[in-house]
Amino acid sequence: MLFETTMKHHNIASIILAGGKGTRLHPLTLYHSKPAVSYGGRYRLIDIPISNSLNSNIRQILVIGQYLTTEIGHHLSQTYQFDNFFPGRLDLITPEEKPNGERVFFDGTADAIRKNLDKILELPVDFFLILSGDQLYNIDFQKMFSFAKEKDADLTIASLPVSEQDAKRLGLLKINKDSYIVDFFEKPQEKEILDNFRLDETIDKECKITKEKPFLGSMGIYIFKRNALKTLLLEDPREDFGKHLIPTQLNKGKAASFVYDGYWEDIGTIKSFYDANLALTTSNLGLKIYDEKNPIYTCAHHLPGANIKTTKITNSIICEGSVIEAEEINHSMIGLRT
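Under this note's numbering, the first residue of the sequence shown carries the number 37, and numbering increases by one thereafter.
Since the hints were made in silico from the structure, they are not lab data. You may find that some hints are simply not true.
No farther apart than 30 Å at their CA atoms in a straight line, the calculated lysine-lysine pairs in the DSSO-like style are these [claimed, not checked]: (1) Lys155 / Lys288; (2) Lys204 / Lys187; (3) Lys213 / Lys187; (4) Lys307 / Lys249; (5) Lys290 / Lys223; (6) Lys204 / Lys223; (7) Lys279 / Lys223; (8) Lys57 / Lys247; (9) Lys204 / Lys227; (10) Lys288 / Lys266; (11) Lys210 / Lys179; (12) Lys249 / Lys179; (13) Lys185 / Lys155; (14) Lys204 / Lys155; (15) Lys210 / Lys223; (16) Lys179 / Lys247; (17) Lys187 / Lys249.
Please build the complete structure, drawing on both the sequences and the hints.
So, in C-alpha cells, the structure goes:
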C-alpha cells in the first residue's frame with residue numbers, strides 16, 4: 037500500500053525554477069539566493085514548492101538554480117533524502133562550465149528550461165509541472181494533473197480570481213465555458229486590454245469569478261505535455277514563458293486553465309515578504325503550515341524548545357532555540373535562535 041500511494045503519480049515530474057537574484061528583496065538577498073531566504077521562522081522559500089510536490093505524490097523533482105547555489109544545495113541535501121521506503125529523486129542543476137572556462141547562464145524562465153532540456157527529458161515521464169521557487173501556496177497538484185489529463189491539454193495553467201489592481205502585475209487569461217484558454221496577456225496596464233479580459237460571473241461557477249475579482253491571473257504554475265514542451269522550446273527561442281512562450285503555445289494546441297481559489301502569494305518585495313510572514317500568526321489568513329496530512333518540510337534543526345520567561349504572548353509564532361524575556365509580544369514572528 038505504501039508503494040502504491042508513493043508511486044501513484046510517477047508519470048509527472050516537478051521542475052522548480054530557483055535562479056532569481058531577487059534584487060527587490062535586498063538586503064535579504066545580498067548573500068542568499070531568493071529561494072533560500074528564510075520564511076516562517078524556520079523554513080526556506082524553496083521548501084514550499086517541494087513540499088507541495090511531495091504532498092501531491094510527485095517524487096521526481098529537479099531544481100534549477102543559478103545565483104548563490106551553494107547554500108540552497110546544502111539545504112536540499114540535508115532536508116530531502118529518499119530511500120527504498122520513500123522512493124524519489126531530487127537534483128539541483130546549476131550553470132555548467134564550458135571547456136573555455138565560461139559558464140552558461142540562464143536569461144529567463146524558458147531559457148533555464150531550454151538550456152537544461154537534455155537533463156529534463158531524461159526523466160521517464162509524460163508531463164512536467166513547472167514551478168517557481170519563491171511562491172507560497174497549498175495546492176493539491178493531483179487535482180491539477182487530473183484536470184490536465186481530462187482536458188487533454190498540451191498546456192495547463194494554474195490561475196486564480198484577482199482584482200483589477202492585482203491583474204496589472206500578472207498574466208491574464210480569458211477562458212471559454214469549458215475552461216480552455218482563448219487569450220492571454222502578460223501584465224496589462226491599458227484599460228482597453230483589461231476590459232477585454234474582464235470575465236462575467238456566470239462564465240463558470242468553478243472559476244469563483246466575482247465583481248470584486250473579475251479577472252483570472254496566471255500563478256506561473258504550468259503543466260506541459262512532454263512533447264509539447266520540447267517542441268515549444270525548440271521552435272520559440274525567446275526567454276520568458278509569460279511574455280513569450282505562453283502566447284505562442286496558445287496558437288499551437290489545447291491550453292486549459294485550472295482555477296485555484298486558496299492562499300497564494302508571490303514573494304517579490306520586502307512588503308510581500310513581511311506580510312506573508314505575519315499572516316502565519318493568524319491561521320485563517322496565511323499559508324497552512326499546521327496541516328498534518330500536508331506538512332511543509334524543512335531541515336531538522338535539533339534545537340531545544342523556546343525558553344519563555346514571564347512574557348505575555350498573543351498571535352505570535354515562537355521558533356525553537358529562542359530565549360524570550362520581553363514583557364509582551366504581539367502579532368510577531370520570532371525565528372530560530374532568537
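Identify every previously stated hint that the structure contradicts and give their numbers, smallest first.
The structure breaks hints 8 and 14; every other hint is satisfied.
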